[in-house]
Amino acid sequence: MKNRLRVRRAEENWSQAELGMRAGVSRQAINAIETGKYEPGLVLAMKIARLFGRRVEEVFELEDGD
Amino acid sequence: MSDTTAVGPRSNLRQAGWVAGALLLWAVAMVVAGRVLDDHPSSVWLRGAMVAAAVGGFSAWVAALVRFLQTQDEFAKRVHLIALALAFMVTMTAMVAGDVLQAAGFIGDVSLDTIWMTMLAVWWLSMIAAARYYR
Numbered sequence: 001m002k003n004r005l006r007v008r009r010a011e012e013n014w015s016q017a018e019l020g021m022r023a024g025v026s027r028q029a030i031n032a033i034e035t036g037k038y039e040p041g042l043v044l045a046m047k048i049a050r051l052f053g054r055r056v057e058e059v060f061e062l063e064d065g066d
Numbered sequence: 001m002s003d004t005t006a007v008g009p010r011s012n013l014r015q016a017g018w019v020a021g022a023l024l025l026w027a028v029a030m031v032v033a034g035r036v037l038d039d040h041p042s043s044v045w046l047r048g049a050m051v052a053a054a055v056g057g058f059s060a061w062v063a064a065l066v067r068f069l070q071t072q073d074e075f076a077k078r079v080h081l082i083a084l085a086l087a088f089m090v091t092m093t094a095m096v097a098g099d100v101l102q103a104a105g106f107i108g109d110v111s112l113d114t115i116w117m118t119m120l121a122v123w124w125l126s127m128i129a130a131a132r133y134y135r
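If you read the sequences in order, they're chains P and E. Under our numbering, the first residue of the first sequence is numbered 1, with each subsequent residue one higher. Under our numbering, the first residue of the second sequence is numbered 1, with each subsequent residue one higher.
In short, the hints are calculated from the structure, not lab data. It cannot be assumed that every hint is accurate.
SDA-like mimics (lysine to any residue), calculated; alpha carbons at most 20 Å apart, straight line [unchecked claim]: (1) E:K77 with P:M21; (2) P:K37 with E:R78; (3) E:K77 with E:G17; (4) E:K77 with P:T35; (5) P:K37 with E:S126; (6) P:K47 with P:R6; (7) E:K77 with P:E61; (8) P:K2 with E:Y134; (9) P:K37 with E:W18; (10) E:K77 with P:N31; (11) P:K37 with E:A129; (12) P:K47 with E:E74; (13) P:K37 with E:G17; (14) P:K37 with E:K77; (15) P:K47 with P:A10; (16) P:K37 with E:M127; (17) P:K37 with E:A85; (18) P:K47 with P:N13; (19) P:K47 with E:T71; (20) E:K77 with P:M46; (21) E:K77 with E:W18; (22) P:K37 with E:H80; (23) E:K77 with P:A17; (24) E:K77 with P:E34; (25) P:K47 with P:D64; (26) P:K2 with P:R54; (27) P:K37 with P:S15; (28) P:K47 with E:G98; (29) P:K37 with E:I82; (30) E:K77 with P:R22; (31) E:K77 with P:A45; (32) P:K2 with P:G41; (33) P:K37 with E:Y133; (34) P:K37 with E:L84.
Just chain E, with the same shape it has in the complex (with noise of 0.2 Å):
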């Protein structure tokens, strides 16, 4: 039988201390590769790297949060289950609402970052909100 409970105190601390870290990593190859890329360079390799340099920050953050889950309990796990399935579905509801809304002439060009960060708002609203029902 698996186990379903949580590894100790001091790990999970040493695991958000790489979620935060892989977050900084990110934020700095963000503001870099935005710094590089808003010059137009020529050249594709740096184009290419500053593009390799922004998403691979952001896969580093992504596994650190994944790793960070896989040390919670069951409990802990279920409620982000459900924030994460709550945050899929209010993006996806976002993402049709905006396409719609686009092709009736409401509003113009939505960028693509909206989506990721609808869905992490949603997320961490979730958590907040299922930490006080279930303080």
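With the rest of the complex left out, here is chain P (with noise of 0.2 Å):
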């Protein structure tokens, strides 16, 4: 799964520590999901697409294969 984290984090001018204090996880927790090492739950995902103001698919996309 892809994901703009990292561009959408950028817009907002957010460190990835506050993200992560947003979205109620750590900071480890996103830099793993930026990373692609981790990929999160529909709960935590949707909370993630909430806080930039987006849809889930405008932050996390489906690659194929997935």
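Using the supplied hints, reconstruct the complex from the two chains, each of which is provided in its own coordinate frame.
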């Protein structure tokens, strides 16, 4: 799964720690999602998308083979 | 839908404090039980009480640990799950190896303590490795 977390975060000028705090997860969790090492669950993905004021598909995108 | 995010840092610290406190309680119970049982008391009640204290202390620590894990976010829970699975597999392998080595006469009797100690050590080593990988 691809994600545009880093781009959206830069648009808001938020650090990983700040986004993590807003989403209720650790900075490590945000970093792992951004680097593609971890795919968030549905609740967390929707929560992150809501923080950016976007639909979840605008932040997370399925790739061929997912 | 269930919320899979963590609680605040203050609550997190409080839960970690419970884990540390329970660990201390268990350590004290183990020391006391060990000293009393080393004297081989004849009283069944006293021996039973010491066993209950040691096992109860350990159970309290496990309960505090479970509560702590429940307060973690979904990412931390997943890392713990992987680390626990790894610890379980390594411990099982060590137990099988120990059993065969004993049967072959290469090693003597192995204390049951080594089982949970191995599991705990591999769990924490896995957590350290995961922390480095995901930092």
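Hint check:
{"no.": "1", "hint": "E:K77 with P:M21", "result": "17 Å, holds"}
{"no.": "2", "hint": "P:K37 with E:R78", "result": "12 Å, holds"}
{"no.": "3", "hint": "E:K77 with E:G17", "result": "19 Å, holds"}
{"no.": "4", "hint": "E:K77 with P:T35", "result": "18 Å, holds"}
{"no.": "5", "hint": "P:K37 with E:S126", "result": "16 Å, holds"}
{"no.": "6", "hint": "P:K47 with P:R6", "result": "16 Å, holds"}
{"no.": "7", "hint": "E:K77 with P:E61", "result": "24 Å, violated"}
{"no.": "8", "hint": "P:K2 with E:Y134", "result": "18 Å, holds"}
{"no.": "9", "hint": "P:K37 with E:W18", "result": "31 Å, violated"}
{"no.": "10", "hint": "E:K77 with P:N31", "result": "16 Å, holds"}
{"no.": "11", "hint": "P:K37 with E:A129", "result": "14 Å, holds"}
{"no.": "12", "hint": "P:K47 with E:E74", "result": "13 Å, holds"}
{"no.": "13", "hint": "P:K37 with E:G17", "result": "30 Å, violated"}
{"no.": "14", "hint": "P:K37 with E:K77", "result": "15 Å, holds"}
{"no.": "15", "hint": "P:K47 with P:A10", "result": "17 Å, holds"}
{"no.": "16", "hint": "P:K37 with E:M127", "result": "16 Å, holds"}
{"no.": "17", "hint": "P:K37 with E:A85", "result": "18 Å, holds"}
{"no.": "18", "hint": "P:K47 with P:N13", "result": "18 Å, holds"}
{"no.": "19", "hint": "P:K47 with E:T71", "result": "18 Å, holds"}
{"no.": "20", "hint": "E:K77 with P:M46", "result": "19 Å, holds"}
{"no.": "21", "hint": "E:K77 with E:W18", "result": "18 Å, holds"}
{"no.": "22", "hint": "P:K37 with E:H80", "result": "15 Å, holds"}
{"no.": "23", "hint": "E:K77 with P:A17", "result": "18 Å, holds"}
{"no.": "24", "hint": "E:K77 with P:E34", "result": "18 Å, holds"}
{"no.": "25", "hint": "P:K47 with P:D64", "result": "24 Å, violated"}
{"no.": "26", "hint": "P:K2 with P:R54", "result": "16 Å, holds"}
{"no.": "27", "hint": "P:K37 with P:S15", "result": "18 Å, holds"}
{"no.": "28", "hint": "P:K47 with E:G98", "result": "48 Å, violated"}
{"no.": "29", "hint": "P:K37 with E:I82", "result": "14 Å, holds"}
{"no.": "30", "hint": "E:K77 with P:R22", "result": "19 Å, holds"}
{"no.": "31", "hint": "E:K77 with P:A45", "result": "16 Å, holds"}
{"no.": "32", "hint": "P:K2 with P:G41", "result": "14 Å, holds"}
{"no.": "33", "hint": "P:K37 with E:Y133", "result": "9 Å, holds"}
{"no.": "34", "hint": "P:K37 with E:L84", "result": "19 Å, holds"}
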